[in-house]
Each structure stands twice: as structure tokens, then as C-alpha cells.
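If you read the protein sequences in the order shown, they are chains A and B. When the letters of the first sequence are read in order and numbered with this note's numbering, they come out as residues 1 to 233. When the letters of the second sequence are read in order and numbered with this note's numbering, they come out as residues 1001 to 1217.
For the record, the hints were derived by calculation from the structure and aren't laboratory data. Even glycine gets a Cβ: it sits at the ideal position worked out from N, Cα and C. A couple of the hints might just be wrong.
One side of the interface only, derived from the structure: several residues of chain A facing chain B at Cβ under 7 angstroms [stated by the list, open to error]: (1) 17; (2) 19; (3) 21; (4) 101; (5) 116; (6) 118; (7) 122; (8) 225.
Derived lysine to any residue pairs resembling SDA-like cross-links, with alpha carbons at most 25 angstroms apart [said to hold, decoys possible]: (9) 140/A to 1181/B; (10) 232/A to 193/A; (11) 218/A to 1061/B; (12) 1123/B to 147/A; (13) 1004/B to 1019/B; (14) 159/A to 1062/B; (15) 1169/B to 1055/B; (16) 1004/B to 1020/B; (17) 149/A to 1089/B; (18) 132/A to 1019/B.
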Amino acid sequence: MINKKVNNVRDALKGVKDGMTFMLGGFGLCGIPEKAIAELVKLDVRNVTCISNNAGVDDFGLGLLLKNKQIKKMISSYVGENEEFERQMLSGELEVELTPQGTLAEKCRAAQAGFPAFYTPAGYGTEVAKGKETREFDGKMYVLETAFKADFAFIKAWKGDAAGNLVFKGTARNFNPNMCGAATITVVEVEELVPVGELDPNNIHIPGIFVQRIFEGKNYEKRIEQRTVIQKS
Amino acid sequence: MLDKNGIAKRIAQEVQNDFYVNLGIGIPTLVANYVREDIEVEFQSENGVLGMGPFPFDGEEDADIINAGKQTITTMPGASFFDSALSFSMIRGKHVDLTILGAMEVAQNGDIANWKIPGKMVKGMGGAMDLVASAENIIVAMMHTNKRGASKILKKCSLPLTGVGCVTKIVTNLAVLEVKDNQFHLLERAPGISVKEIQEATEGTLIVNGEIPEMNI
């Protein structure tokens, strides 16, 4: 077994520097690497580029880095829930590259899988395709999109082991598996680090080969953005 | 004139047995409430769930189980979770049968705009560009006019596009329209709405052929 376990979030983020590009898993606030984000705020790394489907809310998730003006550029598909984000973007302080969600996921997956680029129909004929190569296949137009390049991927999984094997829960899976192995160093935080051998090899979502560092986080807040419930009658 | 629930109710009639359906945020989400109970339908949410169920009971909500609108949800028997790349493989690969989404503007050539108002509102396209670029069966749910009464059913979109030539059907608070041959074709009127009222609210070319029936909802 190749051991990927590190003792804490500080060791997990060793080597993080100003100006780097980070991938962060999560959809909204669901499945975000809470501990890595808190540590990035503490380390106060600046001028970073963040690849993340969303930008958090004003006081949680990536919103914490935004508030602290640590982010130079965001690459996201939807940023609707963050006023500070909108303010920084409209004022020009923050560079923003909006990317269709499926393209964002595939740019991660391409980096993970060793594809330099791929063609997608998404965004053809829109400003997203500006300056990009387009090509026709079977009578339909496609846009050439390139794989992401990132220094660190910060991942949140449900369970994992020291070998780096991961299991995700519910829709907290989202972009997390696609970002594993898509950056130079993949750092995973899990709610539960289980003994090696306990996870059933048949049910592992991401094999440890895609992971460099893994640690157990404590007391996850898991904030709910839109709490929608029905009353028991 | 229909309200949002009325639009959702009319669109629900387009949902057929054994359909996999992706519902956008807003009015489209309401469609799930009105689908006939005697047919089998699975709802896909692009954040990674197939077989979405209703909202959970108070106290049973799980932060790890949400829909694309970030609302807490439940899952139906037979549901599955998956990653974002696989989710868009379902969408891009045309495995989803019907896509229902909202729009700010639709043009008579099938163009749709729903993600950006330059200098004013930029929320992002989310999964909408992937959905409209690939889906063969798209229904747009929208209000016929904006708050100032200006038509959103246009000759040409003025806002940045989400997709080109992709919309085939629109259900508004006033009418059901088909988009074909670079024209809007009036199929149905909302209850109590006249053809003239629809014509006045439509900036694009509107074809009215014969007697136009009222929606049956």
C-alpha cells in the first residue's frame, strides 16, 4: 500500500503559493473542501486562480477567499449567489471566465485522463466560443475546448483510506471525482478515514492513484443553501 | 392569462411515459408537481442525480442531497448519483429525452438567451449551454413579455446568446408556440386570451393558422 495519509490540513497544503491555480470540488456549498478553504484563508495566499463550478456565498465557501481579496481569477459556470463576487466582477477587480458546466467538468476530466482538448457543441455561436477553433462533425458545429492545468486540486470525499481510495456521498460527489488527478497535486479531505482494506474494492469511486495527500477533517459545517422541506401533516 | 403554475401545468402535458427529463431552475422546477401519476418519468438534475423525488420532510433534509437549484431534495427508488462529467455525458450524449428551461428572450430562428444582461446581471450559464446545444426536445417556459410589457418573443435576441437555433417549443403565460421555418406558429391560447392579445405581445413573426384552440388545463 502506498501511503497518502498526512496528519492535518497544514501538511496537506504544503507547497501552496501565491499565483497558483487551484481546482475546488463542490456544487454550490454541497461537497466543498471546507477545511482546505479555511486553511487557504489562513495561509493568505494571493493572486490565485480558482476553478470551481460556483464561488460560494458571501460568508462561506470560496466567498471567504473572495472577501479576503485572495482570488485574481475565477473559472466557474454559475456565480449567482454571491454579492461580493458580483461587485468585484462588475468593478473589474476580479477576472471571471464563465464556462458551461458540462465543459467545465470535461476540462477537468480531460486533464485527469490525459486529453489536451476535446470538441463540444456547448457554447457554439455564443460569446463562449469567441476566438476558439470550431469544426463540423456530421453536419453539427462544435467548439474546441482545452484541458485545465492546475497546481492543486482540493477535493472533499465522504470516506477514504490511507491508500487514497475514495467514496463520495449523494450529490456531494459532483465535480470532486473529475478533479482528482487533474492537478499536479490532489489533496483530499474526508469525513471518515477508514482502515485500509475496509472499503470494498467493488465500490470505490476514485482509486488512490489519482490522490497524493489525504486527511480526515472534523466538524463539517455542510451549510445548506436552499433548505426546502415539506411539513408532515 | 396563466401564472407560473399554469405554465408548469401545461408543460407537464408534454412529458411522456418513460421519459428522462431535465428541469431547469424556476418555472421548470414546478413541472414535476403536475406530471400525470400514471406514467413513469425520471427527473435528472445536472449536479448529479437521476430519479429526483420531492422535497424532504422537515428535519429529514440532507445537506449532501440537493438539486441544481441548491434545494434539498429526496430520491426515488431506483435513483442514482454520479459525477458532473457523467451527468453531462447524459445530456450531451442525448440520453435525456426532454429539457425544460427558462429564458429571458427567444428568437424566431430558435436562438435563446438566458444567462447574462451585460453590465447589469451576470450569473453565468450553469448547464444551460450544454443542455440547449445537445437536447433535441427543448421546451422553454417563460413570460411572454417583461415587466414593462415589452415582448420577449423576438425577431432577433438582443442579449448574449445561450444557444443558436435550438428552441422548438415555447409555453408562456399567453400561448403555446412552435418555432419552425424562422417563424413562431401559434398552437394554443391561454384561457381567456385572444389571438389579438398574443399578436400584440409578440415582436417576432407570428403565424396564425385557422382557429386557435384554448389550452386544456
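Find the hints from earlier in the document that the structure breaks and name them by number, from lowest to highest. Of the numbered hints given earlier, those the structure breaks are 1, 2, 3, 5, 6, 10, 15, 18, listed in rising order.
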